[in-house]
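Note that the protein sequences, when read in sequence, are chains S and V. Okay, so the first sequence: first residue is 1 according to the numbering used here, each after it adds one. Okay, so the second sequence: first residue is 1 according to the numbering used here, each after it adds one.
The set of hints was computed from the structure by calculation and includes no laboratory data. Built from N, CA and C at the ideal position, the CB exists for glycine as well. Heads up, a few of these hints could be off.
[What the hints assert, rightly or not] Taking lysine-lysine pairs in the DSS-like style, the calculated list, with each CA pair at most 27 Å apart, reads: (1) V:Lys61 - V:Lys125; (2) S:Lys210 - S:Lys144; (3) V:Lys45 - S:Lys494; (4) S:Lys294 - V:Lys141; (5) V:Lys143 - S:Lys498; (6) V:Lys151 - V:Lys51; (7) V:Lys51 - S:Lys330.
[As the list claims (entries may be wrong)] Derived DEER-like restraints, expressed as beta-carbon distance ranges: (8) V:Ala47 - S:Leu391: 55 to 65 Å; (9) V:Val41 - S:Ala266: 45 to 55 Å; (10) V:Lys151 - S:Thr427: 49 to 59 Å; (11) V:Gln79 - S:Ser274: 13 to 23 Å; (12) V:Asp83 - S:Leu391: 50 to 60 Å; (13) S:Pro113 - V:Lys143: 31 to 41 Å; (14) V:Ala47 - S:Thr427: 37 to 47 Å; (15) S:Lys294 - V:Ala47: 16 to 26 Å; (16) V:Ala47 - S:Gly282: 23 to 33 Å.
[What the hints assert, rightly or not] Computed footprint of chain V on chain S, listed as stretches where at least three residues anywhere in the stretch have a Cβ under 8 Å from a Cβ of chain V: (17) 284-291; (18) 493-499.
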Amino acid sequence: MFATLFWGFAIRLTQSLAQAAPFILTGFFVAAVFRRFIGYEKTRQLFGGSEMSALFKAWVIGMLLPVCSLGVIPVIVELRRAGVKGGTILAFAMAAPLFNPLSMLYGLTLSEPIAILSFAGCSLVIVTLVGMIWDRIFPDSELKGIADESVHYGIRRMVALAVSASKESTGRSLLLIVCGLIGVGILGAVIPHASLQHHFNHDQPLAPIKMALLGIPVYATPMLAMSQMGMMFQHANSIGAAFVLLVLGAGMNIGLIVWMAQEYGAKRSAVWMSLLLVVVLGLGYAVNGPLFPKDVQPANHTHAFDIYGQPFTGAGSFASLTNQSIEKLKRDIMPHEWYSTELLALLMFTGAIVRLVDRRGRLESWIAQAPQAKEAGRLDIVVPPAVLGGLGLVGLVIFSVVGCYAYYPAPADVFEEMRIAKSEALTAGLSGDVTHADYWIDVYQEWTRKLEVGTFLRTGQVSDYQHWKARLVREQLEMLKHTVEDGEKEEARKWVSKVDRSHSRMRTAFLSDSGSSK
Amino acid sequence: MKLSIRPLLSLLIAAALMPCLCGCGSSETANGEDQHLEHFVPAHKPANFSKALEEIQHRAKHLSQHAGHSGDHEAGEFQELLDIVNWLPELAADSDLNESEWNSANAAAKVVAETLAKRRSADGKLSLKEISTSIENELQKLKSLVAAAGKPEPSMHHDHSHHDHHHDHDH
Chain S
1 MFATLFWGFA
11 IRLTQSLAQA
21 APFILTGFFV
31 AAVFRRFIGY
41 EKTRQLFGGS
51 EMSALFKAWV
61 IGMLLPVCSL
71 GVIPVIVELR
81 RAGVKGGTIL
91 AFAMAAPLFN
101 PLSMLYGLTL
111 SEPIAILSFA
121 GCSLVIVTLV
131 GMIWDRIFPD
141 SELKGIADES
151 VHYGIRRMVA
161 LAVSASKEST
171 GRSLLLIVCG
181 LIGVGILGAV
191 IPHASLQHHF
201 NHDQPLAPIK
211 MALLGIPVYA
221 TPMLAMSQMG
231 MMFQHANSIG
241 AAFVLLVLGA
251 GMNIGLIVWM
261 AQEYGAKRSA
271 VWMSLLLVVV
281 LGLGYAVNGP
291 LFPKDVQPAN
301 HTHAFDIYGQ
311 PFTGAGSFAS
321 LTNQSIEKLK
331 RDIMPHEWYS
341 TELLALLMFT
351 GAIVRLVDRR
361 GRLESWIAQA
371 PQAKEAGRLD
381 IVVPPAVLGG
391 LGLVGLVIFS
401 VVGCYAYYPA
411 PADVFEEMRI
421 AKSEALTAGL
431 SGDVTHADYW
441 IDVYQEWTRK
451 LEVGTFLRTG
461 QVSDYQHWKA
471 RLVREQLEML
481 KHTVEDGEKE
491 EARKWVSKVD
501 RSHSRMRTAF
511 LSDSGSSK
Chain V
1 MKLSIRPLLS
11 LLIAAALMPC
21 LCGCGSSETA
31 NGEDQHLEHF
41 VPAHKPANFS
51 KALEEIQHRA
61 KHLSQHAGHS
71 GDHEAGEFQE
81 LLDIVNWLPE
91 LAADSDLNES
101 EWNSANAAAK
111 VVAETLAKRR
121 SADGKLSLKE
131 ISTSIENELQ
141 KLKSLVAAAG
151 KPEPSMHHDH
161 SHHDHHHDHD
171 H
């Protein structure tokens with residue numbers, strides 16, 4: 001029992017940390033850019049203006065920055081110090097983790113594109129409405145009088161960026177991020193294995209409310225939330241619950257709630273959460289019918305939330321669960337997540353060293369010094385820090401857009417990558433190896449979505465014909481997965497053969513100009 | 001850093017509420033029976049494109065001949081006919097039709113679906129006389145694609161159900 005609880009907690013916490021690491025790193029550096037380059041006055045201007053325009057800007061900037069609900073924590077800590085209004089910060093905190101260019105593109109393959117565009121529109125309604133009402137109820141929520149810490153040009157500002165990011169990575173933001181991770185870990189310990197499969201079916205009127213209960217403590221990266229929504233659309237589960245998952249699952253976590261309570265107190269936080277829940281659930285129920293996929297036969301389950309419960313079924317000895325856990329983490333954590341986690345650890349280590357060595361603040365004093373004026377040449381232009389900071393943020397956005405092309409390769413490259421996943425998935429299907437089949441079928445399905453997005457990015461369209469070909473492969477893989485899980489060998493053999501045929505047709509549809517299958 | 005007790009309490013309360021969401025055990029129902037994971041495939045879903053066309057022709061003819069005679073039963077049969085027509089794009093995609101042939105099939109299926117939909121008035125009343133004649137042209141177009149669709153897909157359709165997973169199963 002203890003071993004199940006312990007490893008449930010540890011695995012979910014570690015998985016979430018690894019998934020969040022790239023976003024947390026981004027968050028620390030974006031926060032440092034706001035503090036050291038852009039400065040508090042310019043930050044207030046950036047997020048300022050009339051009430052509506054401030055909230056709209058918070059939504060747009062949030063949508064463009066590649067952060068998740070944990071990575072956004074250092075950024076909002078900085079926005080608070082900069083004196084940005086409470087409603088605007090909270091709107092930004094909600095909007096930033098919901099979408100990024102990668103997840104938005106992925107979302108377009110879920111169902112009709114109108115579904116994902118409606119979800120994006122609804123997220124704007126949420127942050128605007130809730131932010132506006134909250135700001136009206138609690139005006140003057142912003143902090144005042146915090147000294148600007150932007151720095152002068154030269155080597156100082158580069159050092160300042162590293163110092164700020166590393167110190168924050170061992171400071172308050174870290175504790176808040178840990179709170180968020182603990183929330184996911186607790187779910188992993190207490191929710192029985194695979195017990196969430198039947199709670200979010202399309203015919204369950206309480207599905208969005210149950211999702212609200214689950215969504216607050218869970219942590220999901222924008223891509224994870226989007227792929228979970230993909231599974232919900234594929235199984236025709238409750239669309240209202242899928243919307244609530246996106247807003248609360250991707251947009252909220254316990255760390256954010258703790259931060260809110262610390263900064264604004266229990267009453268204001270409770271008002272924000274109540275407003276948020278009313279609007280999110282209202283919209284969830286409103287979109288439930290109109291966006292329901294009419295051409296999908298509803299399944300009576302979903303696998304989308306298996307990752308939030310205990311990873312193992314039944315009890316086992318501590319030693320055996322330890323071995324299984326290590327194997328699981330090795331298999332599930334992607335190489336880029338390991339690299340990001342290592343970089344994050346390096347940043348934290350640097351932060352700890354700076355804090356230890358520079359207890360008297362000499363480094364900070366040196367950073368704050370103005371450089372001695374030198375006679376500059378005509379071409380030796382001093383770029384104002386705000387310009388540099390702005391360029392940094394714009395560069396980040398451009399980088400994430402360019403990153404889409406790497407994440408979603410050209411169709412020919414996708415088929416090369418898909419070859420391994422197909423071979424592993426179908427072989428596991430034939431041999432009846434459930435764990436292997438489950439893993440590789442997921443990877444294979446993921447590639448079919450990447451195929452659609454990669455095609456869309458390069459040609460500007462995915463035809464209905466191509467969409468159907470990819471969708472059929474996904475649906476047949478789902479059936480194969482179930483037959484393997486049931487140990488139905490003969491049935492699995494038939495599905496393997498069918499997937500193989502559909503794969504060939506999909507390949508022809510995407511790689512041949514005419515789409516001829518013969 | 002000041003860590004207030006209230007947020008931590010909320011965390012504990014949320015954790016305590018989770019078992020209410022998931023039930024006490026795994027996914028057993030109240031009466032103790034296992035819930036099955038099912039991908040429901042309706043019994044009237046044809047196995048392939050060619051079978052679907054045969055079904056549409058047969059069912060439309062039957063409805064035309066018995067128009068106004070079978071009451072509620074008629075409404076059910078009409079709905080099943082519409083379902084089959086709506087499955088045509090999927091069944092055509094699950095064949096060897098190339099893109100232009102599939103586009104023709106998709107367009108013809110849409111016309112058939114629209115023609116059939118007009119036979120049901122706003123108050124749900126059906127007028128099914130000569131329904132098979134009204135879709136005959138489009139059906140012929142669709143039938144002309146059967147040869148291009150290649151070898152018909154074998155029937156895979158039966159309710160797929162299985163017990164809840166009892167293994168490490170993540171997505």
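Hint check:
1. Between Lys61 of chain V and Lys125 of chain V the CA atoms are separated by roughly 19 Å; this keeps the pair inside 27 Å, and the hint holds.
2. Between Lys210 of chain S and Lys144 of chain S, the direct Cα distance comes to roughly 39 Å. Violation of the 27 Å bound is thereby established for this hinted pair.
3. With a C-alpha separation of about 18 Å, the suggested pairing of Lys45 of chain V with Lys494 of chain S holds against the 27 Å cut-off.
4. Proximity of Lys294 of chain S to Lys141 of chain V is assessed by CA-CA distance (about 26 Å); at most 27 Å being required, the pair is judged to hold.
5. Pair hint Lys143 of chain V plus Lys498 of chain S holds up; C-alpha atoms about 23 Å apart against a cutoff of 27 Å.
6. In summary, the hint linking Lys151 of chain V to Lys51 of chain V is supported, as the alpha carbons are separated by about 12 Å, within the 27 Å threshold.
7. This hinted pair does not check out: Lys51 of chain V and Lys330 of chain S have alpha carbons roughly 47 Å apart, beyond 27 Å.
8. For the pair Ala47 of chain V and Leu391 of chain S, the supplied restraint of 55 to 65 Å holds, since their beta-carbon distance comes to about 59 Å.
9. For Val41 of chain V paired with Ala266 of chain S, a C-beta distance near 51 Å keeps the hint of 45 to 55 Å intact.
10. The beta-carbon spacing between Lys151 of chain V and Thr427 of chain S, approximately 25 Å, falls outside the hinted interval of 49 to 59 Å.
11. The beta-carbon spacing between Gln79 of chain V and Ser274 of chain S, approximately 43 Å, falls outside the hinted interval of 13 to 23 Å.
12. Checked against the given bound of 50 to 60 Å, the beta carbons of Asp83 of chain V and Leu391 of chain S, roughly 56 Å apart, stay inside it.
13. Between Pro113 of chain S and Lys143 of chain V the beta carbons are some 33 Å apart, a value that agrees with the proposed interval 31 to 41 Å.
14. Under the hint 37 to 47 Å, the C-beta atoms of Ala47 of chain V and Thr427 of chain S, about 27 Å apart, miss the expected range.
15. Between Lys294 of chain S and Ala47 of chain V the C-beta distance comes to about 22 Å, which sits within the given range of 16 to 26 Å.
16. Separated by about 43 Å at the C-beta atoms, Ala47 of chain V and Gly282 of chain S break the suggested range of 23 to 33 Å.
17. With a cut-off of 8 Å between beta carbons, the segment 284-291 of chain S has 0 residues touching chain V; three or more are needed, and the interface restraint is violated.
18. Figure legend: the segment 493-499 of chain S, annotated as covered by chain V; annotation consistent (3 residues with Cβ-Cβ distances under 8 Å, at least 3 required).
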